[in-house]
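2 protein chains.
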Amino acid sequence: MKKHNFSAGPSILDESVIKDAASAVLNYAGTGLSLLEVSHRGKEFTATIEEARNLMKELLDVPEGYEVIFLGGGASLQFYQAPLNLLKTKAAYVDSGTWASKAAKEAKLVGEVVTFSSKADNYVWYPKPWEKNEVPDDVDYLHITTNNTVYGTELRYDPDVKTRLVGDMSSDIFTREVDVAKYDLIYGGAQKNIAPAGVTFVIVRRDALGHVDRPLPTMLDYRTHIEKDSMFNTPPVFPIYVALQTMKWYKELGGVKALEKMNLEKARILYDAIDSSRLFRGTVNPEDRSIMNVCFVMKDEYKELEKDFFDLATSRGISSIKGHRSVGGFRASLYNALPKTSVEVLIEAMKDFERKH
Amino acid sequence: MKKHNFSAGPSILDESVIKDAASAVLNYAGTGLSLLEVSHRGKEFTATIEEARNLMKELLDVPEGYEVIFLGGGASLQFYQAPLNLLKTKAAYVDSGTWASKAAKEAKLVGEVVTFSSKADNYVWYPKPWEKNEVPDDVDYLHITTNNTVYGTELRYDPDVKTRLVGDMSSDIFTREVDVAKYDLIYGGAQKNIAPAGVTFVIVRRDALGHVDRPLPTMLDYRTHIEKDSMFNTPPVFPIYVALQTMKWYKELGGVKALEKMNLEKARILYDAIDSSRLFRGTVNPEDRSIMNVCFVMKDEYKELEKDFFDLATSRGISSIKGHRSVGGFRASLYNALPKTSVEVLIEAMKDFERKH
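The listed protein sequences correspond, in order, to chains W and R.
Residues 1 to 357 (the UniProt record's numbering) make up the first sequence, in order.
Residues 1 to 357 (the UniProt record's numbering) make up the second sequence, in order.
No wet-lab data here; the hints were simulated from the structure.
Pairs involving identical chains hold if they fit within one copy or between any two copies, as the list cannot separate such chains.
DSSO-like mimics (lysine-lysine), calculated; alpha carbons at most 27 Å apart, straight line:
#	residue 1	residue 2
1	LYS3	LYS351
2	LYS307	LYS43
3	LYS128	LYS90
4	LYS119	LYS105
5	LYS228	LYS322
6	LYS248	LYS2
7	LYS43	LYS303
8	LYS19	LYS3
Extracted from the complex, chain W is given alone in its bound form:
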């Protein structure tokens, strides 16, 4: 049975990318060796990582003066690394959910932190302090988590702020056109829209670095990795290779503009189905809805039907739609590689279920 993978992450990759990855595990770039056992300093992998870096710049339209690096350790390590490199005395954090809150926590080890939070409302809306001019003038940067996988909210534009802007785009990079020039730092784990778990991308404005006085651990200093083209130590070879294959596929599809259009359409049909349903309802404020992670629950009077719907979904090959425990109900993650047909299968299951109950 065909599987429809709505996993929140690590998440679906395109079939062509997966097949290519399996093939490179057996024989990489005609070397007769596995991608898993070649030196990262060999000419084949040096070409792979350079191509990945350049293609990321091309697809995201990264301006001059910015560097793209690939690291290990996950976005969670960036929660500490970003302030270590950028925070002199004080930073502002938008606390829009679980991951944003974790990011702010690590920054507090480095300096003073002001937060703008929707936690009291269980994060059903996205705080936008720039709209009321509330971001203090004296902060070194404002940190935003552009998409919140757990609660299903998303900031779908790049705000204008008077300070440096730092964005954790782990779960929505490559899903909409981003004005990179508005940011000094964008980072993210790659395991949603790019690659399997194990690689973190960082896009950083070169002249944003070097302004803090503290001595930086070598591995946590972005300049280390910029100077060595992400080869200071052994990089996560396999996920970087897969990231390149995904980005090549994106280019074939027409780039980020085309992906955004597809994503809007997938999200629209699913939210429409939820909004017109007798049994289901969305959990977040409509204006802040994520087009990546669609969170919904059974209406209170039908709560006891939840398990039955999981069973029906499973019987149709629908995988990983259980909501995060902080929200409950369902979460359908619609990352780039999820085909619209999978969303249609889910909608059909919802409609059939509603007809039955």
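Model the placement of chain R on the given structure of chain W, informed by the hints.
Same frame as chain W, now just chain R:
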């Protein structure tokens, strides 16, 4: 043509492991999904990581009171993380080569560091300060890099010291029997004898932790990952899966004792060939020779023949025997998965070359 992969790392993995990895990329544990796109919290991967942890404990005979965790970021990140967790005021470092020296450098950001170095002799011997009772009594730990990939020296026993012992075993874990109880912390990148690049293993004595006063960043606190069974954030799923396959293969072969025997034999025949050669000579003191990374050069009077030997080797499928630029000449890395037949092919090439010149 069959390839003989002598890469210093990322390095050769067994063919059965590579085939299994390629198959899991296409369909993981009968899920109908790729290993690259499943949730790390699903029951299949939860079982994989638990099995990997347990098998590592079993194969290395890890005593009670120790924890095994899997992290991202590479051993280079451990150079900073280890002192952050263990260094109160002062630590001793054996500076036995490139990586050891980098480890000591990061520790200096955290506290006072005393080093015992063979750098003045281009690291051709392994400093053993415990033999002359030179390790100060008041250090928090002694750090050793048990095998030096660049210079080809190795400490092939576990020293008795009066302080905590920390070992970077990136390039010789699973190659000889280790008395884990002598160490408070053992760590290493997995890309030599375990898995592809992207996962770092840490074996730590639980009661060695919690003695420093500094606030620890969440991701750099070993206790975070112990408490969450290496699932605090998304772990590097794919390399952990491959590590498990490698360890299963080790178990089938008879465990570490059997691997050690095979490694000693491979190293013996190659060093014998070097020592009895008219053209080649080893670069390090015989008593400190690594059984993993065999470094040798052309004798001075034959230096101009180096390129010819590379060409002959390449023509026989011998891959990655170029020495590190700090040493020059040749380096044959004999990691666990390299079959003895590959060493024999290299020796045959050396003999044929010698007959010709």
